[in-house]
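As you go down the protein sequences, you meet chains P and U in turn. What the first sequence shows, in UniProt numbering, is residues 1 to 540, in sequence order. What the second sequence shows, in UniProt numbering, is residues 1 to 540, in sequence order.
Examples of chain U residues toward chain P, derived with CB under 10 Å: (1) Gly-20; (2) Gly-451; (3) Ser-519.
Within a straight-line C-alpha distance of at most 20 Å, the following computed PhoX-like cross-link-like pairs (lysine-lysine) qualify: (4) P:Lys-435 / U:Lys-413; (5) P:Lys-303 / P:Lys-290; (6) P:Lys-290 / U:Lys-290; (7) U:Lys-254 / P:Lys-150; (8) U:Lys-150 / P:Lys-254; (9) P:Lys-403 / U:Lys-415; (10) P:Lys-413 / U:Lys-403; (11) P:Lys-418 / U:Lys-403.
What the hints contain is simulated information worked out from the structure, not anything from laboratory work. For each residue, glycine too, the CB sits at the ideal point set by N, CA and C.
Protein chains: 2
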Amino acid sequence: MTERLTIYDTTLRDGQQTQGVQFSTEEKQQIAHALDALGVDYIEGGWPGANPTDNAFFEAAPQTTARLTAFGMTKRPGISAQNDDVLAAVLNAGTKSVCIVGKTHEFHVTKALGITLDENLTLLRESIAHLVASGREALFDAEHFFDGYKANPDYALSCLKTVLEAGARWIVICDTNGGTLPAEVGRITAEVIAAGIPGDHLGIHTHDDTENAVACTLAAVDAGARQIQGTLNGLGERCGNANLTTLIPILLLKEPYASRFETGITTKALSGLTRTSRMLDEILNRVPHKQAGFVGASAFAHKAGLHASAIAKDPTTYEHIDPALVGNARIIPMSNQAGQSNLRKRLTEAGLHVDKGDPALGRILEAVKAREAEGYAYDTAQASFELLAREALGQMPELFEVKRYRVTVERRKNKYDKMVSLSEAVVVVKVDGEKRQSVSESMDEVGSDRGPVNALAKALAKDLGQYSSMIEDMRLVDFKVRITQGGTEAVTRVIIDSEDGQGNRWSTVGVSANIVDASFEALLDAIRWKLVRDLKGPKG
Amino acid sequence: MTERLTIYDTTLRDGQQTQGVQFSTEEKQQIAHALDALGVDYIEGGWPGANPTDNAFFEAAPQTTARLTAFGMTKRPGISAQNDDVLAAVLNAGTKSVCIVGKTHEFHVTKALGITLDENLTLLRESIAHLVASGREALFDAEHFFDGYKANPDYALSCLKTVLEAGARWIVICDTNGGTLPAEVGRITAEVIAAGIPGDHLGIHTHDDTENAVACTLAAVDAGARQIQGTLNGLGERCGNANLTTLIPILLLKEPYASRFETGITTKALSGLTRTSRMLDEILNRVPHKQAGFVGASAFAHKAGLHASAIAKDPTTYEHIDPALVGNARIIPMSNQAGQSNLRKRLTEAGLHVDKGDPALGRILEAVKAREAEGYAYDTAQASFELLAREALGQMPELFEVKRYRVTVERRKNKYDKMVSLSEAVVVVKVDGEKRQSVSESMDEVGSDRGPVNALAKALAKDLGQYSSMIEDMRLVDFKVRITQGGTEAVTRVIIDSEDGQGNRWSTVGVSANIVDASFEALLDAIRWKLVRDLKGPKG
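Produce the entire structure from the sequences given, and follow the hints as far as they go.
Written out as structure tokens, the structure reads:
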């Protein structure tokens with residue numbers, strides 16, 4: 001008999017507390033859909049009333065299978081739950097489930113709220129009862145529960161019992177400051193259950209301040225808690241929350257959890273985990289953490305010579321799971337034979353067949369290494385990788401040649417005495433032996449793309465002779481810039497994501513000390529990839 | 001009575017297996033000195049004979065208080081320990097302590113070594129005996145011990161007993177593949193000790209594949225192991241080794257460890273931990289992990305408004321330790337999550353005193369929120385935040401006005417038929433009622449900054465009248481770009497880090513649909529902040 005574990009995601013709320021993270025409403029929607037596709041049970045969407053982004057998110061709330069949950073706090077002292085406008089704003093979001101945070105640590109009751117311990121119990125009771133009376137499923141986040149329990153276990157427990165009696169479906173015990181170690185989390189969780197809070201009403205919420213958030217969560221599950229809270233990629237306040245990207249594969253793949261529990265996450269969804277993790281980093285323009293468990297680019301990279309040779313005989317010698325289960329891949333450093341089999345796999349994905357042992361494989365590896373030393377990165381820029389491989393294989397058709405270009409950005413007052421910008425680009429190309437010159441401009445206040453890169457893209461696309469019609473449906477959808485190291489100096493790396501009318505999406509990379517040149521190089525690759533693809537037909 | 005815990009660092013050996021890390025000999029020496037200053041007991045320096053870097057390191061071995069240890073493997077089958085040249089190379093490094101890795105998992109004995117289980121026992125015995133006979137302290141790394149124990153506990157234990165009887169001072173049980181969870185590590189460690197391996201001869205070596213390396217190490221210590229192995233910043237094969245940068249403060253500051261154990265690390269050395277961690281990242285040119293426990297830049301950053309206001313009353317409300325104990329610092333970032341008390345604290349840090357309840361606080365918060373809705377972010381761009389606050393407070397001096405600017409990037413063939421780029425910028429400013437026009441250019445192949453932003457920065461700085469001399473020592477040190485949402489459309493956000501000759505470093509932000517305009521705005525803020533700061537004197 002398996003037991004059900006409930007997974008509660010708070011990427012959109014606690015994850016938003018990550019220093020440097022500021023979601024837009026659209027980004028929150030994108031992430032909500034990704035979480036729903038993954039199969040979590042709850043998606044905590046934010047705090048309605050706390051900021052304009054969260055308000056806008058709940059106003060046009062995404063349709064999800066997961067329970068979309070609004071977060072807030074217990075009513076304030078001195079007013080009734082009915083008259084508390086902060087709580088009202090949370091309820092007005094109209095979600096079926098509402099999670100409110102409240103105090104269970106005597107020090108915080110008297111110090112932060114400045115009320116008596118009994119007054120806090122009343123406040124907890126009335127807040128939860130108000131949610132239930134409003135027809136909502138009520139969840140209670142017991143803030144600082146572990147520290148509170150250590151200071152005054154009777155009082156901390158009486159808070160939990162009060163909200164349980166008031167009708168809370170889930171009571172989530174939080175190690176808010178992240179300082180409690182796994183053994184203590186396990187012991188206290190067991191004591192909470194022994195005191196009468198049923199495990200199937202008990203959740204665990206931990207933080208990673210001692211790098212133990214995952215272990216603390218497992219300790220609470222071992223002790224009987226049946227809801228786990230966390231975030232994708234371990235985003236969150238300070239050092240982050242418990243990392244669901246790690247916990248999910250542990251619970252689904254590792255014993256004793258795999259046999260004992262079931263969750264809403266399917267094997268198929270699990271195999272998309274690495275992509276989901278990288279997608280979140282892309283949305284946030286964060287560098288993916290290479291050494292992340294399960295989904296990191298290095299998680300199955302075998303660098304030690306002894307390991308690499310054993311892996312070639314049997315991957316279980318140095319891998320605790322099959323990387324494909326989480327959508328990740330084995331990496332054997334590019335320098336040895338195994339590097340070539342890796343490369344062949346990637347070429348096949350691009351529709352390029354190269355025989356085992358073909359000397360071209362060595363040439364491509366060398367070219368990739370040389371480019372990477374200059375600052376290029378081909379992890380995501382698969383389209384640029386493919387073009388590089390085609391060059392090395394002599395399979396790159398002659399398309400067109402850019403002879404020169406010039407782009408100007410000018411910012412000055414217009415006739416209404418308002419500062420406006422104008423970008424103008426001139427591009428000279430040679431197609432089929434013929435020189436063609438195009439000019440394009442992007443103006444302030446017209447559309448949303450108004451910079452030099454857009455002006456260059458428009459000019460380049462304007463007249464490519466026989467190819468012009470083939471790139472009409474192309475669109476630049478994202479643009480990421482990073483300063484990186486190219487040899488001994490700092491260079492700019494630009495990654496461009498493009499899309500076409502057939503729903504294809506591809507990424508290209510450009511590197512230069514000049515941001516415009518780097519962007520132009522990535523743009524050129526984007527167009528060349530599209531042309532090569534369409535010239536050879538969709539399946540090569 | 002406290003017990004002694006031994007700390008064994010393998011940054012220079014297992015840490016070298018990190019994907020993308022390639023130490024030079026000089027870097028290994030630098031790191032060895034930093035580890036010695038920290039106070040670890042053992043420094044594993046590398047594998048003599050395995051590569052030229054490690055050979056050179058041991059040839060000119062640094063003088064350390066810690067025991068410098070050479071790493072190697074047990075003798076190969078079919079030759080005597082005396083005649084094994086791989087083992088001889090390890091001994092020839094001349095270290096007092098030698099650690100060798102060997103098999104304890106029946107699958108690896110028969111599959112990887114291709115010998116019988118008994119032959120492996122003989123091999124282990126002879127290898128350790130040879131180290132002891134050579135007058136060395138012998139350590140044994142029991143590779144794949146946990147997986148081996150799960151497969152065949154009797155055989156795995158017989159390997160440990162064999163090396164103990166042969167004279168090994170320490171037996172280190174390794175979770176080589178990183179797949180064993182903390183509860184199981186604790187149980188097996190206790191069983192190993194119950195089977196006769198004394199805890200004060202037992203070490204633990206874990207990997208972070210399930211994000212549990214720290215928890216697994218603590219579980220082994222709880223069970224009685226008295227040596228812990230790990231690396232600085234958790235470097236290491238795949239997802240890395242147990243992170244000593246996290247384990248050290250846990251063992252020194254958190255209970256039950258702080259009262260129960262002593263180590264070679266002093267309180268003073270602990271207060272240098274954050275610097276040691278950042279220094280290692282600098283040596284490796286890695287971006288420090290902001291959310292790292294204890295030493296991360298975000299480890300004590302309080303972004304949630306409720307947290308920030310409580311922290312202002314009493315830091316223990318949301319901090320599990322005092323950040324100064326590990327040489328880190330508290331940060332209250334500004335964002336639309338933040339409340340007025342947070343804001344006042346941040347203003348005070350900027351030398352701006354505003355009374356509690358001053359209506360200006362509300363105005364500043366509104367201004368910040370409105371800007372964030374347009375795509376600005378003030379978490380890191382403290383200098384731009386300060387300028388915004390000064391405007392709202394009417395404390396922003398008139399400096400200069402930019403009337404217009406124009407920047408051109410041109411790429412074409414030079415007279416040697418090589419493609420080169422030229423960026424040219426013209427800026428017109430009004431300073432002290434006088435219009436000044438400056439022009440500047442950045443060429444390909446000259447210096448490392450060759451883009452339009454650099455050309456604009458140079459033109460802007462060229463003639464600012466009385467202010468020119470004040471910004472002479474300013475330098476743009478980093479430049480980050482991302483596409484984000486500004487209201488309903490995509491905009492570009494640029495964050496610029498600047499530095500001056502007095503060692504100040506500050507960050508500014510600009511947002512526009514045009515990347516050049518966004519960059520120019522961030523540049524202007526950088527100059528304005530520097531001028532305001534120097535005009536009012538370093539302490540306001």
